[in-house]
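Counting with UniProt numbering, you get residues 1 to 528 for the letters of the sequence shown.
Simulated from the structure, these hints should not be mistaken for laboratory data.
A few of these clues could be false.
Below, a list of computed lysine-lysine pairs in the BS3-like style, where the Cα atoms sit at most 25 Å apart [what the hints assert, rightly or not]:
no.	residue 1	residue 2
1	K153	K411
2	K147	K411
3	K147	K418
4	K210	K82
5	K418	K210
6	K210	K153
7	K418	K82
8	K210	K65
9	K116	K15
10	K418	K153
11	K65	K82
Computed beta-carbon distance windows for the label pairs [what the hints assert, rightly or not]:
no.	residue 1	residue 2	range
12	I333	V518	35 to 45 Å
13	L161	L511	23 to 33 Å
14	L117	F348	37 to 47 Å
What you are looking at is a predicted structure, and each value in this text was computed from that prediction instead of being measured.
Even glycine gets a Cβ: it sits at the ideal position worked out from N, Cα and C.
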Amino acid sequence: MIPFSSILGHEKCEKYLVFSGESALEDNFRAFLYLIGLAYCFIGLSAITARFFQSMENVVKHTRKVVEVDPVTKTETIRHEKVWNYTIADISLLAFGTSFPQISLATIDAVQNIGKLYAGGLGPGTLVGSAAFDLFPIHAICVVVPKAGELKKIADLGVWLVELFWSFWAYIWLYIILEVWTPNVVTLWEALLTVLQYGLLLIHAYAQDKRWPYISLTIARDERPEDWVPEETPCFQQEAYQKVNFSEIKHVNEENGDIADIFSIHSENPTDPLYATVPQIDDEAEILDKAKETMLEDTQLLTIWRQQFVDALRLENPETKKFKNMYLLLPRIFWQLLLLPWRFLFAFVPPCQIAHGWISFICSLLFISGIAYIVTRITDLISCVTGINAYVIAFTALASGTSWPDLVASKIAAERQKTADSAIANITCSNSVNIYVGIGVPWLINTLYNFIAYREPLRIQNAGGLSFSLIVFFCTSVGCISVLVLRRIIFGAELGGPRLWAWITCSFFMLLWIIFVVLSSLKVSGFI
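The task is simple: from the sequences and hints, build the whole structure.
So, in structure tokens, the structure goes:
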């Protein structure tokens, strides 16, 4: 077999991942091993995403006690108010969390290139490619996920339009920086303005959600259904107060390889989903004492932590017991064996019951950052061994793999929610986060260092290829959004509908993604 170095005309790669002896291996074999390693890292990324989502739902479901006293009757009314606003949670925790692999990848790439006048190309290329993957394939999957004939529409069009505006503006802003304002370079102020626009997105979306005058769109919001998420039996109780009808958070069993559901936040009050109803209790002190005792018995943290290791090492579970056919059972066991090292490693993440899930949330992000660093190293080696442009790898394999959490989150939302708000909001907000944070923060790190050390701006290598990709992405995204608008006009909803038209829409979105990947790859490779 002819090695890659001979086909593409580049020198033999002397870099290595673990052992210096790797450079003595044939390029084809090394590329195969690195691709296997990259795929295994993506499996690990999927596994830690389950733990990350489980901790995030504990953060989002946190409530604070509010006591109101009637001025006339002096009667005290107790309610539990949600700490997190749904719109802010979508943009910050959900979108930021699902985009964290890309953000980590870009930040690590920036740190590795610190002190250099030219920015690394791996991070921006991955983020633009990830935006295309989010917009086209994930929309394609979400359209066909609802059952045949079932329609799911965006309930709050005002918030979605605000998120869509900032998503489109993010890529227009990036093009202005690279081609109009300061061609091929990024200054410190441009990087700083890029990051600050994420704060403007949060403020604008919150203002639209609260319908602030003068700065919000006067678009009516559809009433959120009382049963926003279908009832589902939880695998374990989060709080003893479930016995007195407090707000609940449902979980999907992580042991079976499923993702914890972060969309099961609901209230018994259909008119205001931010509040949970607290029933009148005759002997409140007695109930509270019993609730505390039950919580201590049911959620002993050390017991739960120990159980995490037991579950991680267990190959047989209720799912495998269902398979009577050996040909179906063996692949399932093989998959469990592949996940075993990752699951054991992630069992060290503290239980999400501690500190409302914040410790588990942070530890999960640290693990994601570690995997992202390994992915960066492997991708650099694949580019070195094969001679394929790093941007091409970033646009394709790397962007698809790091966007896996976005795909999982939007699919869960499209399956289980009554509306399409979170499924589509996760896509548009993730694209905004990719630019304002994923590119803004790494550029801010590099430009700040270069300004202090050299009094020089940050130069962008292959800025023309990146700008071309932005133009292609913008044109194809207009086609994608236009189809969603047409579906809203014709079928009354963005997701679901007649099966034939759902699959036609899915195919069209996938075609747009293929066009983006092919044209961008040809441009950065110098063919067009």
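Please list, smallest to largest, the hint numbers that this structure does not respect.
none
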